[in-house]
Amino acid sequence: NNNNNNNNNNNNNNNINNINPEEPTNGNYTSAAELEKLIRAIGTNPNLDTKQKNLTIQGLRDSVWKSNCRLSKRKREEWEDETSTAAMEHTGTQALHSSGDVVNPDRAMVPTGGTVSQPTHHLSFAGARPSASVGTRFKRETPPSCYYRKNKEGDVQLAWKHDPHSTSSNVMEASVPLFSAAELAPTYHDGGINRVLGCPHYARSCKLRHPTSGRLYTCRLCCEQDREMATKDKDSPLDRYEVKEILCMICGALQPAGKHCVNPECASEGKPFARYSCGICNFYDNSPDKAIYHCPFCNVCRSGRGLGIDYRHCMRCNACVSLTDEHHCIPQRLQANCPICHETMFQSTEPLRGLQCGHVMHLNCFTMYMRGGNYTCPLCKKSAEDMTEYFALLDSAIRMQPMPPAYTATTSNIYCQDCGKMGNVSYHFVGLKCQHCGSFNTRELQRVDPNIMASLWQGY
19 NNNNNNNNNN NNNNNINNIN PEEPTNGNYT SAAELEKLIR AIGTNPNLDT
69 KQKNLTIQGL RDSVWKSNCR LSKRKREEWE DETSTAAMEH TGTQALHSSG
119 DVVNPDRAMV PTGGTVSQPT HHLSFAGARP SASVGTRFKR ETPPSCYYRK
169 NKEGDVQLAW KHDPHSTSSN VMEASVPLFS AAELAPTYHD GGINRVLGCP
219 HYARSCKLRH PTSGRLYTCR LCCEQDREMA TKDKDSPLDR YEVKEILCMI
269 CGALQPAGKH CVNPECASEG KPFARYSCGI CNFYDNSPDK AIYHCPFCNV
319 CRSGRGLGID YRHCMRCNAC VSLTDEHHCI PQRLQANCPI CHETMFQSTE
369 PLRGLQCGHV MHLNCFTMYM RGGNYTCPLC KKSAEDMTEY FALLDSAIRM
419 QPMPPAYTAT TSNIYCQDCG KMGNVSYHFV GLKCQHCGSF NTRELQRVDP
469 NIMASLWQGY
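Be aware that the sequence shown starts at 19, since it is given in our numbering, and climbs by one per residue.
One or more of the hints may lead you astray.
Straight-line distance between alpha carbons at most 30 Å, and here's what the computed DSSO-like set of lysine-lysine pairs gives [what the hints assert, rightly or not]:
no., residue 1, residue 2
1, Lys262, Lys289
2, Lys93, Lys55
3, Lys168, Lys93
4, Lys179, Lys277
5, Lys168, Lys157
6, Lys439, Lys400
7, Lys93, Lys170
8, Lys179, Lys157
9, Lys308, Lys157
10, Lys93, Lys157
11, Lys55, Lys91
12, Lys84, Lys170
13, Lys308, Lys179
14, Lys308, Lys84
15, Lys170, Lys55
16, Lys84, Lys399
17, Lys439, Lys399
Now the in silico label distances, taken between C-beta atoms and shown as ranges [to be verified]:
no., residue 1, residue 2, range
18, His360, Tyr47, 29 to 39 Å
19, Glu246, Gln464, 26 to 36 Å
20, Leu239, Val280, 46 to 56 Å
21, Lys168, Cys299, 14 to 24 Å
Please keep in mind that the hints were generated in silico from the structure rather than gathered at the bench. No residue lacks a Cβ here, since even glycine has one placed at the ideal position from N, Cα and C.
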């Protein structure tokens with residue numbers, strides 16, 4: 019059985035690897051049934067983990083879609099060449115002799131039968147999706163399916179729409195933004211297994227247009243990942259508050275930022291882009307089991323049911339804190355970077371961990387820090403958690419291991435890093451317990467041995 023499973027997995031991998039993204043398979047379109055069969059083979063492959071499956075499925079969908087677009091363009095160009103040749107043979111000579119003008123190859127020709135043929139440079143769509151030529155996947159030369167923008171009164175109006183029967187392209191006249199095929203291609207939150215639109219970070223059915231460069235990104239974290247790649251042309255960080263336009267990934271309409279698609283022909287039928295949307299942060303998330311609220315004081319969206327329900331905003335800390343946790347105020351504590359990884363925490367999407375002293379760090383950083391045997395805050399050196407049980411074990415160890423007679427009279431001057439008080443306690447190699455708060459999180463300042471002190475006095 020294991021051999022049969024391995025053979026099936028190898029056959030599935032071979033079928034996937036045989037797809038050439040540069041050319042369609044056997045000159046035919048890859049059907050949805052064939053694509054689903056390949057996706058199912060990847061999803062059931064036990065040799066791949068979840069992340070590898072998502073990346074492989076996303077790349078497969080992108081390659082198949084790109085090859086189908088190339089085949090569509092090739093067939094369209096062949097049809098245009100045939101109709102243009104027929105039109106020139108039928109009307110070219112008559113047009114030259116009657117008007118005396120030179121025939122413009124960029125103008126539309128009318129062949130026999132009165133059918134209008136489009137010029138070869140005209141940008142068109144196949145199923146509301148942009149066409150991508152060979153080697154030009156990242157060239158920004160394709161407009162959206164339609165373009166909506168606000169007028170002077172603030173009303174959203176249709177500024178441009180692709181017309182497959184148009185004889186000329188009015189893209190430049192309408193100042194329609196152009197994008198690459200990779201930007202206009204839909205992305206999926208689950209890698210395409212269940213066709214949940216979005217990205218690995220959030221589930222949503224729209225893309226954000228960068229306010230500076232005009233490129234399309236599914237979310238700001240996708241922009242950050244693209245910035246970390248070794249590319250020549252890097253974007254600036256995507257400012258979520260400055261986003262003015264978004265692209266619907268269902269119909270391909272570019273429109274002002276909003277909660278739902280304004281295109282009446284969109285298949286979403288007026289449904290919102292996500293279950294939660296914020297018009298201030300331009301944030302969209304369609305996760306069904308995630309509660310999100312917008313804090314007007316932090317001016318960002320955070321996980322939770324809302325202020326006064328399970329969180330409150332501390333003005334001194336300038337942070338949202340849980341109503342159930344004990345809170346220690348530290349001014350602007352989230353404005354600093356994580357003391358472990360030194361990355362920002364105020365707009366971090368990773369969960370944070372508050373320490374007993376009030377300082378904060380990333381939860382993953384806290385876990386790794388504690389695994390190293392550290393139990394004090396890396397900033398103030400106070401105990402990071404409640405150490406009552408651990409200190410009780412140290413007390414038991416001291417009672418079971420008394421000091422030798424030579425050290426029974428030895429004392430130490432200590433400073434407690436939990437309560438901040440100083441004192442003099444009996445020396446023990448296991449630990450030095452604070453006489454004020456009972457903490458073993460102490461630092462020895464000086465060790466006093468009365469026998470040595472007495473011998474020194476006798477010498478004088």
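Taking the hints in turn, this is what the structure says about them:
| no. | hint | in the structure |
| --- | --- | --- |
| 1 | Lys262 / Lys289 | holds, 20 Å |
| 2 | Lys93 / Lys55 | holds, 26 Å |
| 3 | Lys168 / Lys93 | violated, 37 Å |
| 4 | Lys179 / Lys277 | holds, 21 Å |
| 5 | Lys168 / Lys157 | holds, 27 Å |
| 6 | Lys439 / Lys400 | holds, 13 Å |
| 7 | Lys93 / Lys170 | violated, 42 Å |
| 8 | Lys179 / Lys157 | holds, 21 Å |
| 9 | Lys308 / Lys157 | violated, 37 Å |
| 10 | Lys93 / Lys157 | holds, 21 Å |
| 11 | Lys55 / Lys91 | holds, 26 Å |
| 12 | Lys84 / Lys170 | violated, 39 Å |
| 13 | Lys308 / Lys179 | violated, 37 Å |
| 14 | Lys308 / Lys84 | violated, 34 Å |
| 15 | Lys170 / Lys55 | violated, 50 Å |
| 16 | Lys84 / Lys399 | violated, 56 Å |
| 17 | Lys439 / Lys399 | holds, 14 Å |
| 18 | His360 / Tyr47: 29 to 39 Å | violated, 50 Å |
| 19 | Glu246 / Gln464: 26 to 36 Å | violated, 51 Å |
| 20 | Leu239 / Val280: 46 to 56 Å | violated, 26 Å |
| 21 | Lys168 / Cys299: 14 to 24 Å | holds, 20 Å |
Taken one by one, the earlier hints fail for this structure at numbers 3, 7, 9, 12, 13, 14, 15, 16, 18, 19 and 20, listed in ascending order.
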